[in-house]
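Visitor: Here is what each chain is made of, one letter per residue.
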Amino acid sequence: MTSLNHKDYIKEDVKQDYTFTVYTENRIGILSRIAIIFSKRKINIESLNTSPSEIDGIHRFNIVIQETGDVVRKLARQIEKQVEVLKVYFNTNHEIIWQELALYKVPTDIIAEQVEVERLLRQYGASAVVIRKDYTVFSVTGHREETDRLVTALEPYNLIEFVRSARVAIIKNSRGFHEKLKEFEALEPSEEVVENEFLNKGDNVFTM
Amino acid sequence: MLVKDVLQTKNKETADLISCSGSEMILKALIEEGVETVFGYPGGAIMPLYDALYDYDGKIEHILVRHEQGAIHAAQGFARVSGKTGVVFATSGPGATNLVTGLADAQIDSTPLVCITGQVYAHLLGTDAFQETDVINITAPVTKWNYQVTDAAEIPEALAKAFYIARSGRPGPVLIDITKNAQLQLAEFEAYKKCSHIRSYRPAPKIRIGAISEAAEVINKATKPFVLFGQGVILGGAEQEFTAFIEKSGIPAAWTILGESAIPSAHPLNVGMLGMHGNYGPNVLTNECDVLIAIGMRFDDRVTGRLDKYAKQATIIHFDIDPSEIDKNVKADIGVWGDCKETLPLLTELVKKHSHAEWLQRFSELERQEIETVIHQELNPETGELTMGEVIRTLNELTNGDAVIVTDVGQHQMVACRYAKFNSSRSNVTSGGLGTMGFCLPAAIGAKFGAPERTVVGIVGDGGFQMTLQELGTIMQSKVDIKIIIMNNRFLGMVRQWQQLFNDKRYSSVNIESPDFVALAKAYRIDGQCLETRENLRSALQTMLEHEGSYLLEVMVGKENNVFPMVPQGCSVSEIRLK
Ligand SMILES: Cc1ncc(C[n+]2csc(CCOP(=O)(O)OP(=O)(O)O)c2C)c(N)n1
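Respectively, the protein sequence lines represent chains A and B.
Numbering follows my numbering, with no gaps: position 112 of the first sequence is 112.
Numbering follows my numbering, with no gaps: position 173 of the second sequence is 1173.
These are computed hints drawn from the structure, not numbers from a lab.
All the given hints hold, so there is nothing to weed out.
Reference excerpt, derived from the structure (chain B facing chain A, CB under 8 Å, subset only): (1) Asn-1137; (2) Lys-1144; (3) Trp-1145; (4) Ile-1165; (5) Ser-1200; (6) Tyr-1201; (7) Pro-1323.
A virtual CB, placed ideally from N, CA and C, is assigned to each residue, including glycine.
Using the sequences and the hints, build the whole thing.
Guide: Put into structure tokens, the structure is as follows:
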């Protein structure tokens, strides 16, 4: 890991991957309110994952888009403005650890007969999830390029079906959200609540 | 115990618990929130609420409008003059969708509203039931918050949150959709608790003193500082704090049309209106000032013109309660987050007493040019057709600037905002961000309920009047006293002006015919007259103002007059044209 901090990775005018991490109340309708913020500006969401976070009652979204730093910062503020959003972070790929899960359904007899397939699966660290007479399902976790490559590689061997999850990401320098949440729950808004890139120069994680 | 007895005790127990229907809870909540006036229209899915309302006669006044759009614009007018939250009732389906324009208007102009819509029974949701629409999703982009209630027990909390969210921070419209079963359902009702905190919602960011002292330092060094203010000053109730700041620092201040009445028109530091049809000096000098201090305004494109040529020479300081506004359109060198009622006094403390006489002189010079080229002729024509400007000038003379002026959208709006005089805040009500034709008549009705002791004058075009004229029925029935001036140029004037200037005078669908407006008003038992000549202008306005009850004055103004100055779209503010 380099010693660059968050601001150094943001390129104001160049499009690159950004991963938003959004903490929200677990409320019906918040997904559509967040989606509207992107669609209103005709911005395509590349990947979206939402699931309960480690904190009871709080959901965590990961949203991946390709945009400029300038646009991403504005989007983050619009998302954070939603009444039921607790916190928004955005990070470049350098600042996160991320994975996608892919499932591959392959005819079992092919695997049994073709040594090459077995070699491929081993190479990609695939693990068998289900083995049936007619087909076997393997799972691979990794980045998009890796799971894509395996799709191409398996295609000549009658790959039956393939599916990939959205990106889930962990921010490298995050100290977690628990402490912040305690402050949110306090009646008085905390210092943390108002920090921004100007206030927060030393911190590698952008918070709003 | 016999089964019968068991049942009886059970009923008795529950009878003690059951105290209130969902509908009654709604009304109790409104009373607790200090609501006295509601604008609305009944229908199937909201009938239980209207049934409960029957018993609240004398406690909550319900104004029956003629269209739900009228209800919401009335609530907006009410909120804008009173500073209170406007409340609307509408039924499901078409009733709810008729609110959408007003919600969008209130959202972009930050007007606090709580709209309560009826919804089909919870068990019918998603079945395309009669008058079912997905109002939560339809209104998500145009509400600050919305929520669907399907159980009566949720009502007190949902409404408490609704009022808190609508009025706190940067205000906005909230919609609460309540299924019919929840309105009918009986549930326990404890004392209503107002909401003052939601953990995921921060109405105002915490103030950073550092940014304020940085701003003060820059301001103290400035030789040509310029203040732009918007409705944020009014919404924050910071008129005094704002005046104290400009008076101590001696900085000239110009307004967006929503900020207009925050300081009196006659204030020596009030240099006029910004934007496309704003004053000459403020537009030109935006590109000459050395420090630009924006307070509670959002750099709308109608204010900034071409952005890449906007105030590039200036250090930009932006005060706003909404962090997402800072850097949104114009990058701020110093962003001051927070409620300007709190930030301005801190700034005033730190700025040096100053008077920028020479700099102010620049504004006066340009004002003189504008008066000579545009204003004099607009306000004091001696021959030719009546102008909108002279109507406003004469109105100023008769009301002394004490009236609430509500405008519609178009040329008359720009003329009214340019020339109307105001002595006090919350006196100029107009649809700014959305530019909603049809806003004036219902908003004027609402404004009268919001400020019953004040004279309310609605100024509207012949086009816009015909968008919501059915609200004359509301005036008739509710005996509202408003004065309506229709500036009749027999054109959709603003669009015609653009077609003349930018489309080679190819007048495409801007020629609009109107009914006999005076006869129409008479049909609603509203008095009025049509004025065609200059000689009678003053007396006609006088008659209107002195008339007991509502009055409609139609003024036949020049057909093809244009509003100038003008910053043509795509041009920089300093390229403003005087003719
Ligand atoms: C609901 C709506 N539809 C269309 C427009 C576009 N528009 C803006 S100004 C204008 C003309 C208004 O004409 P009129 O009401 O006669 O006022 P005038 O400009 O002549 O004073 C139109 C059509 C609008 N602002 N709102």
